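Chains as they are written, first to last, in this note's numbering: chain F, 1 to 67; chain Y, 1 to 946; chain C, 1 to 485.
Keep in mind the hints are simulated off the structure, nothing from the lab.
Each hint should be verified, as a subset may be incorrect.
What the simulated footprint calls covered on chain Y by chain C, stretch by stretch (three residues with Cβ under 8 Å from a Cβ of chain C suffice, anywhere in the stretch; the number is not a length) [unchecked claim]:
#, stretch
1, 76-86
2, 131-143
Subject to a maximum C-alpha distance of 20 Å in a straight line, what follows is the list of computed SDA-like cross-link-like pairs (lysine to any residue) [unchecked claim]:
#, chain 1, residue 1, chain 2, residue 2
3, Y, K195, C, I409
4, F, K26, Y, T382
5, Y, K99, C, G462
6, F, K6, Y, A660
7, F, K26, F, S53
8, C, K261, Y, G72
9, Y, K429, C, G153
10, Y, K74, C, G462
11, C, K261, Y, E85
12, F, K26, Y, K429
13, Y, K74, C, G133
14, Y, K269, Y, G762
15, C, K268, Y, E85
16, Y, K381, F, K6
17, Y, K706, Y, G762
18, Y, K74, C, I143
Quick partial rundown of chain C residues pointing at chain Y, CB under 8 Å, derived from the structure [to be verified]:
#, residue
19, H77
20, A81
21, N249
22, K318
23, C412
24, K414
25, P417
26, E427
27, L444
28, A446
29, L448
Values in this document were obtained by computation on a predicted structure and should not be read as measured data.
A virtual CB, placed ideally from N, CA and C, is assigned to each residue, including glycine.
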Amino acid sequence: MNSTEKLVMMANQIAANLAHDDDPAKATAEHIHLFWDPRMKAMIDAHGEAGLSPIAASALTKLDQPG
Amino acid sequence: MTFQRQPDFGTRASREGAQVTLTIDGRDVTVPAGTTVMRAAAEQGADIPRLCATDSLEGFGSCRLCLVAIDGRKGTPASCTTPVEPDMIVRTQTPHLAKLRKGVMELYISDHPLDCLTCAANGDCELQDQAGAVGLRDVRYSSDATHLGQAKDHSNPYFDFDPSKCIVCSRCVRACDEVQGTLALTIEGRGFGSKVSAGLTSDNFLGSECVSCGACVQACPTATLIEKKVVEIGTPERAVVTTCAYCGVGCTFRAEMRGEQVVRMVPWKDGKANRGHSCVKGRFAWGYAQHQERILKPMIRASIDQPWREVEWDEAFAYAASELNRINAKYGKHALGGITSSRCTNEETFLVQKLVRAGFGNNNVDTCARVCHSPTGYGLKTTFGTSAGTQDFDSVEDSDVMLVIGANPTDGHPVFASRMKKRLRAGAKLIVIDPRRIDMVRTPHIEADYHLPLRPGTNVAVLTAMAHVIVTEGLADETFIRERCDWDEYSHWAEFVSQSRNSPETLAPVTQVPASDLRAAARLYATGGNGAIYYGLGVTEHSQGSSTVMAIANLAMATGNIGRRGVGVNPLRGQNNVQGACDMGSFPHELSGYRHISDGETRRLFEADWGVPIDPEPGLRIPNMLDAAVDGVFKAIYIQGEDILQSDPDTKHVSAGLAAMECVIVHDLFLNETANYAHIFLPGSTFLEKNGTFTNAERRIQPVRKVMTPLNGLEDWEVTQRLAQAMGLDWSYTHPSEIMDEVARLTPTFAGVSFDRLDAEGSLQWPVNAANPDGSPIMHIDGFVRGKGKFVVTDYVPTDEKTGPRFPLLLTTGRILSHYNVGAQTRRTENVVWHPEDLLEIHPIDAEDRGLKSGDWVKLASRSGETTLRATVTDRVAPGVVYTTFHHPATQANVVTTEYSDWATNCPEYKVTAVQISASNGPTDWQEDYEALSERSRRIEAVSAE
Amino acid sequence: MKVRISDDAAARACGADSIAAAFAQAGAAVERVSSWGMQWLEPLVEIEGVGYGSVTLDDVPAILGRRAKSIGPIEDHPFIARQTRLTFARAGKTRPLSLEDYAATGGWQGLVKAREIGPAAIVETVLQSGLRGRGGAGFPAGIKWKTVADAEGTRKYIVCNADEGDSGTFADRMVMEGDPFMLIEGMAIAGLAVGAGKGFVYIRSEYPHAVAKMEAAIRLCAHLIVPFEIEVRVGAGAYVCGEETSLLNSLEGKRGEVRAKPPLPAHKGLFGCPTAINNVLTLAAVPWILANGAQAYAAFGMGRSRGTKPIQLAGNIKHGGLFETAFGITLGELINDIGGGTASGRPVRAVQVGGPLGAYHPPADFHLPFDYEAFTEANGLIGHGGIVVFDESVNMAKQARFALEFCAIESCGKCTPCRLGSTRGVETLDRIIAGENVEANLALIADLSETMKFGSLCALGGFAPYPVMSAITHFPEDFVLREKP
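Chain F on its own, in the form it takes in the complex (with noise of 0.2 Å):
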């Protein structure tokens, strides 16, 4: 597994952890700022949607908009 995969596996199972939160999405997305170094947030934003959960790939929208 290589980085940018583990970073989709994380995130995946992020999202899917927070799926009962009020917005999933936006709980992810806040998970993620807060906790990932600006590297792991700019590859995961380089590599796009691909093998996300559908609120792991909402929630990517929402990462320049933290908050």
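Based on these hints, arrange chains Y and C on the given structure of chain F.
The following block gives chains Y and C in isolation, referenced to the frame of chain F:
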């Protein structure tokens, strides 16, 4: 300080509130009701002669030296078993009493060797003292029968048992029963033939159930049970109180010294974490500090295939700084990072993260808590508002129900386990949730009311099912919830857990826990009085580690088990300073006191103090650092006191990451496994060689005191400071107290902490600030730190790690009493006699399927890697589950563990790995290759004569 | 024709079983009953109230033919007629395991009364009766019960101490073998009084017949004492387990080691719960007291020793047996008038009262009334009421040594004076007997006795000096005769 034994008041302090006034030898004495006459006298400085009494034990009344005269009472009652009464008039010395005491002492000495001058306890013997105190001048008996000349038992590596010197006071037996709770010792025979025995006549101490906690040795008033070191060295001449560097219980000890040599470590009775008790590690296993394999000179090399070259400190720092600066210039500042250690002091940890943030200019700092309790930080911060356990250890004395999940206290936290066991023996109920039948499930005089042997990886399902029972059966504490928590969030959560898919019956096929047991356990926890949850790494080291922590918090809030003695959520911390390392801002997203790096106000506070800008973005976590290293963008790391190669999961990936770096600085006591990939080795100092503080699992900050000069010349904080100075930082700390002053200045929860206060008060439990000037033994008393307690829905998300045809078994890992973590310390002590190698526990059915028996070499394989070790066949594990420890590098159990981790924190999923077990003839290729690499990498160039 | 023969262990030891079989074979209807307690007459055969003593197989036809010499009506035998049998009222008269016999002779009336008046009144009745612990310590039973009744605790226990280990004693055994329902009734009343739901009878392992009878009796009457439950536990041969706290440890499955007091068993006894622990005779006296009233019982006795005491006459005595009488009878009356002097016919030299750790009394003490306080004053004790008689052939130095040897063998080993002192005492007496430094060693024994008496944790070590010092005091000639020059 000259050497003195700690004062002994003979019997325990009374916890009763009412005061009683009596007269002892003409003086009025006021003490709490329930105090014995002996203690009341001792507190006045009037020591009544005694031998069988010591204040760690219940009164026993056997030696008959402490007899007193009480007006209006017949006979001569024993003061150790006579409670004070109002207006009692006691005389501790009369001609009659004096004669009786002499009579008793004459009997003792008629059966005791008269070799005081050559006795190891000479000068530190209560029998000797008391013979003097009662004025015995003559022994008139010509003894025919004696107990002299019996063989000594030298079997225990740390203490000797000489039955010839035994006065049969039963203190050792009672200490084993009452304090340690192992009940390994007994009095064998009766009458004159009574003697102390470690079980059957055929048993010696080593072969018995003795766990070598040392309580018996401490309790022994003579040289009968005595430390081998005292026999070898002699009695100590001074004592320094310091804090143990092993587990998160944080026992305090008196390091009893002769010169700069430790004679023995004796648990400090005033220590609030351990209350005078100890385990085999803290009490005895400190010999690693003088182990021949310790590295005492800095070493450097250009690449890891070269041998090490010893250099002076200056050269080492200059080389390290130049390498770090070179990499910074070439790859940018984000290519650098550091790892703090939970084994080091708060002050050292604070400096390492400061070096990274202020010196390297990024937030690439992480700590070994990443791989143990990071989910605790996340989970408790989210639900309660602070990343710490809610109770002090004393709280357990008021618990009615203990729920132990994913923790093995008798092995991992033995001293606290003894306190739990004491409370359980007094009638508290016990629920154990663990895949293995840990000792707490059934141990002398204790049997868990419920043991839920869940399938590894299903913690969240089990806890949610418990919540289901509590909510649907109307057992939730609505008053508490309405008052203290967010009701809407509770309602949302309650609705979720009430769904039938979360019922114990629905989840039983997943968890493999019988629904009826789970229901009964949930009812017991909810309705059995004060319910306290204790958990360990079996909770955190999962893909849903953080969810499990929050599920635990949910249960505690739903039942109102928060905010008073006897209840709470209590993470049992693995290493001595996990709590402290986290408190000090070791995580890449947080500054000290758990304040997020994105918080501008906090950053500005630090920027003003440190005079440098602080990066507002979180840095890399350990696994992310390794990924980035493999990707070629992370190039240099400073690792203080941690052996990530052995302790972190997926060893092959760790080694690939380390191998890809250009500058690996290892700062440690020994050439550990990680050092095989290091370019610079900075020798570390042991806890005996430095000043500082550790913070234990109950948020208790305790002093670590230097009892000897560092063998390498520098305390660890000085090493970090010298490295920082070499990099151009203008640090000028002259003592760790100044570092703590800085922490206090920058961290609201530590505002009231200082070395002066710690010296005066012994310890402080944070938060210590204007709102809590004396510290905080119990948190969330009047409200949660975050305001309202937050219920978080914890849906069970199965791990991706699944068994299948290739890997049909689940491996879970843990540790054992005699070893600590990667064993770097304990493997270099006599503790190896108890556990010389890691063993694989496998159920008889699985062993039978594979034709294995105990003692066979087996291959343990996962998709990550494979290793070999020996099997032990036991039904302690369920069919389908295997278990091992990770104490020995020869096994490298983490070769097998995977890259999977907790969703919120990346804490590795150590506790669930799909594996296959098969018969094996010898080491795997990996083990052989690694052994060769190790041998090559550890070469040290012979120093040429100058 | 109904032939009544005891099935008590003493009768059986004298051949009662084969005598009974012979009667049965001869066509007689044999009824096995409890023992009258005239042990020198066992096997005692009773036909229509008339007794035939020391019966042999050869006597059977003559007895059946009414040709044999009888002792006359048993009730009129002076040994029986002189007694005041309250506790042993049924002795010799009923079948031990017959609920019918028991009920017909006033059985269960105490329990009926107890249920009627309730716990507080039961305790008060026992208090008023003046009943004191018959095990030896003589502590007022009512006060003990009140302490247990008042103690806090959801679980409480009744423990019956049936570890009858004193030399020359057999009254407990006779109760358990001869009238087990009475003991059960007493325990049930005690349970009611203190609020205990469960009782244990701790019986010494040397009493297999008592164990069997008690177990059978408990099964037979379980329905009559519910909800109270009783369980029999058998000791393991340690004398010290007759000491109440050792007994409790043994019951708990622990080493039979003495516990320090406080806490009193009444506060923290069996398994840490409030426990009323009483001797067999104490509990067995209770049904009579409840059925007949406190005053009726207290009317017997002297001073602070109220009621009757079952005294056991043993050793070298002509008429050995169970003699229940009101307190106050003198030692001399017991030994000479009732016991008929020694069995050997030689003059009495010493009498040990109160078991192996009781004092040796010379005939000069025969004026002493059987009373707790009178004996205490005379440096003795009445203990469990066992009297062992010695004639002039006894060597009192050896008896003193025996007392300490017994103590050494039976010491639990907990407290120093008893654990070490008993052995050192034996060694020192051996030197005295061998004539070594007699004066100095006698002084050492006196000091040791003081250490043991005042320093020991329990009565085992604390009373061992009684036989030793009384032997030295009253029979000094036995300690100095053989002094070497």
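Evaluated hints:
1. 76-86: holds (count 6)
2. 131-143: Since 4 is at least three, the answer is holds.
3. Y:K195 <-> C:I409: holds (15 Å)
4. F:K26 <-> Y:T382: With Cα atoms ~16 Å apart, K26 (chain F) and T382 (chain Y) stay inside 20 Å; holds.
5. Y:K99 <-> C:G462: holds (16 Å)
6. F:K6 <-> Y:A660: holds (19 Å)
7. F:K26 <-> F:S53: This hinted pair holds, its Cα atoms lying about 14 Å apart.
8. C:K261 <-> Y:G72: holds (17 Å)
9. Y:K429 <-> C:G153: Between K429 (chain Y) and G153 (chain C) the Cα gap is close to 18 Å, so the pair holds against 20 Å.
10. Y:K74 <-> C:G462: holds (13 Å)
11. C:K261 <-> Y:E85: holds (15 Å)
12. F:K26 <-> Y:K429: violated (43 Å)
13. Y:K74 <-> C:G133: holds (19 Å)
14. Y:K269 <-> Y:G762: Holds, at about 12 Å.
15. C:K268 <-> Y:E85: holds (19 Å)
16. Y:K381 <-> F:K6: Not satisfied, since the Cα-Cα distance of roughly 26 Å exceeds 20 Å.
17. Y:K706 <-> Y:G762: holds (16 Å)
18. Y:K74 <-> C:I143: Holds. K74 (chain Y) to I143 (chain C) sits at ~18 Å (cutoff 20 Å).
19. H77: violated (43 Å)
20. A81: Nearest chain Y Cβ about 40 Å off; hint violated.
21. N249: violated (12 Å)
22. K318: violated (36 Å)
23. C412: holds (6 Å)
24. K414: Where the cut-off is 8 Å and the nearest Cβ of chain Y is about 5 Å from K414 (chain C), the hint holds.
25. P417: holds (6 Å)
26. E427: holds (5 Å)
27. L444: holds (5 Å)
28. A446: Violated, about 11 Å.
29. L448: It holds, given that the least Cβ distance between L448 (chain C) and chain Y is near 7 Å, below 8 Å.
In the structure shown, a violation is registered for the earlier hints numbered 12, 16, 19, 20, 21, 22, 28, in ascending order.
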